[in-house]
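Working from the sequences, and respecting the hints, build out all of it.
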Amino acid sequence: MSEKSLDRCQEVVELVNEYLGHALTAEDRAAFEAHLATCPPCTTYLAQIKTVLNVASSLGKAPPPVEVEPQLMSLFQHWCEKKPGP
Amino acid sequence: MTGHAADLEIIAALLRGEHSAFTSLVRAHQPAFLRLAQSWVRDRADAAEVVQQAWVSALESLATFEGRSSLRTWLFGIVINVARSHVRAHKRTVPLSALVAEEAFVGPTVEPERFFHDGEWVGHWANWPTPFPSPDSALERERLRRLLEKAISALPPLQQQVMVLCDVEGLSGEETCNILGISGTHQRVLLHRGRARTRALLEEHFSDKAEM
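Sequence order for the protein chains is R and F. Using numbering that gives the first Met the number 0, the first residue of the first sequence is number 0, and each one after it goes up by one. Using numbering that gives the first Met the number 0, the first residue of the second sequence is number 0, and each one after it goes up by one.
Please keep in mind that the hints were generated in silico from the structure rather than gathered at the bench. By construction, the Cβ of each residue, glycine as well, lies at the ideal position given by its N, Cα and C atoms. Be aware that one or more of the hints could be misleading.
[To be verified] Negatives, chain R to chain F, calculated, CB over 10 Å:
id, residue
1, H21
2, A25
3, A30
4, E32
5, L35
6, A36
7, P39
8, L58
9, Q70
[Unchecked claim] Derived contacts from chain F toward chain R, CB cut-off under 10 Å, selection only:
id, residue
10, G16
11, F21
12, R83
13, V86
14, H89
15, F114
16, F131
17, S136
18, L138
19, R144
20, A150
21, I151
22, L190
Structure (structure tokens):
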């Protein structure tokens, strides 16, 4: 039985998300990794996407803009005064 | 404390009128809410208005939170609903079905001209991708963060929302589908296209720099 091969870079780049999300079959994953092992530009492409994901996750940890808070706090205060008691 | 128990504790604290609970909640979610709102209403001031309205709606319906999803997912859903209503009220809406069809268009995510069209190397890179600087150094990381923020905000609305929810906020595909009301297949396609487009925008920046 011959192993599956993934020769064209153009197909490989369309599988990067499935690869990173562990959604490829074992056979497709092996073919994907075999391609990467011999293809520097596809390796770069994968590294670029990984950088995007790495930096994107850090954006969620940025502090909020300070100027909004007083407005929101007065909104909360207003809500506390209006809401029915416990 | 589990996530669910922590959520219920935050809600109890809010209902007791504890300012510190509200401050923590705002600190944790405000940037994501603004980012999400801006993918619907591009104007920053309008987005801030949407988020403020979302906080009001959230506080008013706090007692109805049943814990079927996490508090964070529930809040994201409120932001999306308020943003949709805002857009509808200002008659700047495009039907969701049209957006999904347009943005989930199935085609190559890397320009076909980047690859050889014929010959022995057909389908292989003709124009290799430019490596990005490593985000390991604080300086490069900050630069990449600024560029990525800009690139994400330039995405079409649904791609932007899916990317913000999944990649920036770390929500699961299922949570994202529930919030946006789209299918799993559409979510995967939108995420794939959003990431590819963001990568391309960043590459454009670094290629320009390399040519200078």
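To see whether the hints hold, each was checked on the structure:
1. Every CB of chain F is more than 10 Å from the CB of H21/R (nearest about 12 Å), matching its label as outside the interface.
2. No beta-carbon of chain F is positioned within 10 Å of the beta-carbon of A25/R; the least distance is around 20 Å.
3. The claim that A30/R lies off the interface holds: its Cβ sits roughly 14 Å from the closest Cβ of chain F, which is beyond the 10 Å cut-off.
4. The Cβ of E32/R sits about 17 Å from the closest Cβ of chain F, beyond the 10 Å cut-off, so the non-interface label holds.
5. Against chain F, the non-interface label of L35/R holds: every CB pair exceeds 10 Å, the least being about 13 Å.
6. Distance check for A36/R against chain F: the nearest CB is about 15 Å away, which clears 10 Å, and the non-interface claim stands.
7. Under the 10 Å C-beta cut-off, the non-interface status given to P39/R relative to chain F is violated; the minimum distance is some 8 Å.
8. Distance to chain F contradicts L58/R as a non-interface residue, since its nearest Cβ pair spans about 5 Å, not more than 10 Å.
9. Against the 10 Å criterion, Q70/R falls within the reach of chain F, whose nearest CB is about 7 Å from its own CB.
10. Evaluation of the G16/F hint against chain R yields a held restraint, the C-beta minimum of about 4 Å falling below 10 Å.
11. About 5 Å separates the beta-carbon of F21/F from the nearest beta-carbon of chain R, less than 10 Å, and the hint is met.
12. Given hint, R83/F at the interface with chain R, is violated; its Cβ is 21 Å from that chain's nearest Cβ, farther than 10 Å.
13. Checking V86/F against chain R by beta carbon gives a least distance of about 21 Å; that is not within 10 Å, so the hint is violated.
14. At about 21 Å, the closest approach between the beta carbon of H89/F and any beta carbon in chain R exceeds 10 Å, and the interface hint on this residue is violated.
15. A least Cβ separation of about 5 Å between F114/F and chain R falls short of the 10 Å threshold, and the interface hint therefore holds.
16. At about 5 Å, the closest approach between the beta carbon of F131/F and any beta carbon in chain R falls short of 10 Å, and the interface hint on this residue holds.
17. Because the smallest distance between the Cβ of S136/F and any Cβ of chain R comes to about 13 Å, over 10 Å, the interface hint for this residue is violated.
18. Violation of the interface hint for L138/F is found here, the shortest Cβ-Cβ separation to chain R being roughly 13 Å, above the 10 Å cut-off.
19. At about 6 Å, the closest approach between the beta carbon of R144/F and any beta carbon in chain R falls short of 10 Å, and the interface hint on this residue holds.
20. Restraint check, A150/F versus chain R: the minimum CB separation of about 8 Å is within 10 Å; hint holds.
21. Because the beta carbon of I151/F sits about 7 Å from the nearest beta carbon in chain R, less than 10 Å, this interface hint is met.
22. Among the interface hints, the one on L190/F holds; its C-beta lies about 7 Å from the nearest C-beta in chain R, closer than the 10 Å criterion.
Hint violations for this structure: numbers 7, 8, 9, 12, 13, 14, 17 and 18, all remaining hints satisfied.
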